[in-house]
Amino acid sequence: MSDTTIIDLLRERLPRECVLSEAEDLRPYECDGLSAYRRLPMVVVIPQTLEQVQTTLKLCAQNGVAVVARGAGTGLSGGALPLSDGVLLSMARFNRILGIDTANRTARVQPGVTNLSISKAAAPHGLYYAPDPSSQIACSIGGNVAENAGGVHCLKYGLTVHNIQQLEVLTIDGEHLTIGSQALDSPGYDLLALMTGSEGLLGVITEITVKLLPLPETAQVVLAAFASVEAAGAAVTATIANGIIPAGLELLDNPAIRAVEQFVHAGYPEDAAAILLCELDGTAADVAAQIERVDQVFRAAGATELRVSRDEQERQRFWAGRKAAFPAMGRLSPDYYCMDGTIPRRHLSRVLAEIERMSTEYGLPICNVFHAGDGNLHPLILYDANRPGELERTEELGGKILELCVAVGGTITGEHGVGLEKINQMCVQFDTGELTQLHAVKAAFDPQGLLNPGKAIPTLHRCAEFGAMHVHHGQLPHPELERF
Amino acid sequence: MSLVESLQDTLRDAAATGTPLSIHAGGSKSFYGRPVAGTGFSVAEYTGIIDYSPTELVISARAGTPLSELESALAKENQMLPFEPPHFGPGATLGGTIACGFSGPRRPYAGAARDFVLGITCLNGRGERLRFGGQVMKNVAGYDLSRTLTGSLGTLAVLLDISLKVLPRPETEVTLCHEVSAEQALQQLNTWASQPLPLSGGCYNDGQLRVRLSGFEQGVQAAARQLGGEELADADGFWQDLREQRLGFFQDERPLWRVSVPPAAAELALEAGELIDWGGAQRWLKTSLPTQTLRDAAVRAGGHATCYRGGNREDVFHPLDPALQALHQRLKASFDPAGILNPGRMYSGI
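Protein chains in written order, with our numbering: chain A, 1 to 484; chain B, 1 to 350.
Hints may be right or wrong, so weigh each one.
Below are the DSS-like pairs computed for lysine-lysine, each with C-alpha atoms no more than 30 Å apart in a straight line [what the hints assert, rightly or not]:
1. A:K120 with A:K58
2. A:K400 with B:K76
3. A:K120 with A:K156
4. A:K323 with A:K58
5. B:K286 with A:K156
6. B:K76 with A:K156
7. A:K400 with A:K323
8. A:K58 with A:K156
9. A:K211 with A:K156
10. B:K165 with B:K76
11. A:K323 with B:K165
12. A:K211 with B:K165
13. A:K120 with A:K323
These are calculated hints, taken from the structure and not from any lab test.
All chains, full assembly: derive it from the sequences and hints.
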């Protein structure tokens with residue numbers, strides 16, 4: 001069918017203000033948080049009711065038109081990049097908190113609600129929603145579920161998948177599914193885990209029941225400086241070896257520390273090779289005990305300076321630097337590219353050294369600010385998109401870093417998702433049989449392949465083409481495939 | 001030929017001939033689920049811890065590894081499986097534990113079996129060896145199939161290698177007892193769960209509310225003073241007996257039902273013995289009441305009911321609504337197109 005027909009059908013069935021097709025109206029939807037990739041959708045639908053979402057999906061299914069669902073558009077992997085011949089389905093108007101069940105410690109929310117607003121609404125009851133991605137003031141909970149978002153506190157409190165109980169979902173056919181339950185489990189397969197992090201490929205989330213936790217009585221941050229990144233890495237390992245699971249454990253290397261200090265003056269020691277920010281939370285007695293322990297461990301690991309936040313204001317100031325790290329890079333360099341690999345912690349020193357070597361090789365500076373406790377790296381490559389070829393070299397360097405993560409037993413994405421950005425590296429992490437199984441799971445939900453096609457799971461042909469360029473140890477990945 | 005290759009061969013032959021297989025290892029959980037009429041397929045020989053570095057908080061082991069072996073390796077390093085899985089017999093293996101997705105008393109406070117699964121290598125119904133997830137804490141590459149396989153009762157794939165997140169054992173644990181009514185117990189459990197307390201167990205049985213606290217010495221002692229009540233002497237014994245269903249409550253000829261409900265749901269008040277676990281979210285019932293009565297009561301309370309032991313073994317799990325049932329069938333077919341892996345163990349046709 002021609003483009004105008006689906007737009008006509010949508011206009012016929014939906015209120016006028018729900019369907020946007022003028023170029024200037026489409027522009028805000030051309031990219032998500034990964035702005036290097038831009039494309040205008042054919043049409044944007046912004047439904048206000050469940051029935052309108054259902055109508056849109058059914059029309060798309062009947063007419064074989066692809067649908068990309070979008071929350072707040074803060075994703076960092078291009079997962080919400082539109083298709084020029086597809087519908088961009090914005091869930092932004094599903095922005096209500098439907099209820100807070102204080103007795104059972106849950107909140108029922110619509111997908112367009114921002115992450116932080118859930119915690120704000122729960123706070124008067126002494127409760128909060130634990131996952132806290134750095135974009136939490138803007139990112140939507142629907143997007144958090146689609147990406148299985150993490151954050152600073154997931155070392156202790158888990159990812160999105162650990163903190164939700166029930167989803168209301170519409171399939172591409174407009175069929176309604178309730179996944180999970182108001183209890184702690186549900187009969188049948190764990191579809192709640194399957195939906196979480198499925199990047200909009202399996203269904204459209206229309207409602208979420210999240211778990212709420214009691215607000216910790218108190219929280220304090222230990223700021224420790226180290227003379228080398230290796231020593232800081234060893235301190236992370238020693239902390240865990242001593243039976244302590246901090247609420248958050250973040251590492252900033254020297255380039256990151258200096259960039260941050262110039263920007264927000266968080267009071268970080270600018271001469272340190274690396275600093276650790278270690279947050280302990282719980283009851284006052286528990287936090288006091290943990291701080292004593294962490295202090296000993298960090299001293300033994302060679303910390304050159306140790307500070308403990310004395311009050312809430314100082315704790316916030318210690319975090320202000322970490323939270324401003326990415327905008328601070330923005331001041332240093334016209335563009336930056338944020339990577340997201342996870343590795344077993346024991347390879348931290350080796351991987352950071354190798355990243356530094358690659359940085360020199362490519363002539364592109366890299367800063368490291370990351371979730372050290374989880375081994376979740378966020379190398380930031382600084383580049384200038386206006387210099388010809390620099391974006392391409394940055395992407396190539398980024399790809400190499402991800403492949404390094406896989407080589408040491410890690411993964412190409414810890415919390416940002418595959419989206420379009422890391423689709424080639426999926427071919428490195430998964431073999432043909434695994435990719436075929438992933439596609440078969442997709443087909444069980446969406447046999448026509450209309451939900452967010454081209455994202456998250458690469459086709460075998462794409463891997464064959466990518467593999468032709470990336471020969472490891474003289475052996476082609478996916479040797480059974482034809483090459484084009 | 002390696003053991004895995006011979007398992008793969010058996011699977012391919014079974015798929016080609018349409019021979020149903022009944023997967024097992026130690027047999028400790030053979031009572032659970034619907035009966036499977038199939039040729040025995042054992043992974044009991046596939047044993048051993050593959051990798052365990054305590055500071056990574058990750059252990060990887062083969063499916064046939066005895067659960068007790070895994071737990072003693074962790075205990076030596078002062079670590080544990082935080083979901084406190086039941087064994088239900090000396091033969092319990094890691095594979096069976098994850099395939100059943102069982103979690104013990106710590107579940108509502110620490111998380112379920114699926115929450116600690118980081119990665120699984122499995123054989124699907126085509127005999128293909130597939131790896132999903134990994135050995136790292138955070139991994140969002142591809143669908144989360146390792147968690148989806150957890151609790152799938154072997155109906156999607158044969159589990160081979162499993163990587164789990166582990167945690168340090170708490171420095172200290174205290175269990176406190178209060179003599180209260182069931183209604184008071186539920187109210188108390190949920191009030192405490194709304195406060196920042198180091199809770200790790202909450203059970204009510206025989207007029208006694210038992211609450212476990214875990215963590216660092218100072219924190220636990222401070223919380224214990226706040227909660228009050230009498231300290232239970234053999235606390236470890238009690239929580240183990242609860243987990244393994246050895247308490248007096250379970251010594252009863254009638255079928256055992258598990259009703260999973262929102263934690264603050266009122267007592268089900270059926271004509272049955274009711275033991276409250278998981279801080280209110282898991283209710284054990286000993287009763288001969290009809291299946292439908294239990295299912296209706298579970299739904300009214302916002303949950304679902306499983307006929308755990310005894311009773312009608314054909315009708316074990318809470319029925320799915322038709323759309324979900326159809327999706328389950330399509331998912332099953334995507335892993336196991338010939339329908340040879342534990343067919344019918346969960347639902348008829350799955």
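Status of the hints after comparison with the structure:
1. A:K120 with A:K58: 36 Å, violated
2. A:K400 with B:K76: 39 Å, violated
3. A:K120 with A:K156: Distance ~21 Å between A:K120 and A:K156 Cα, so the pair holds.
4. A:K323 with A:K58: 42 Å, violated
5. B:K286 with A:K156: This hinted pair is violated, its Cα atoms lying about 37 Å apart.
6. B:K76 with A:K156: Between B:K76 and A:K156 the Cα gap is close to 23 Å, so the pair holds against 30 Å.
7. A:K400 with A:K323: Cα-Cα ~26 Å, so holds.
8. A:K58 with A:K156: 41 Å, violated
9. A:K211 with A:K156: 15 Å, holds
10. B:K165 with B:K76: 16 Å, holds
11. A:K323 with B:K165: 28 Å, holds
12. A:K211 with B:K165: Measuring from Cα to Cα gives roughly 21 Å; hence the hint holds.
13. A:K120 with A:K323: Holds. A:K120 to A:K323 sits at ~19 Å (cutoff 30 Å).
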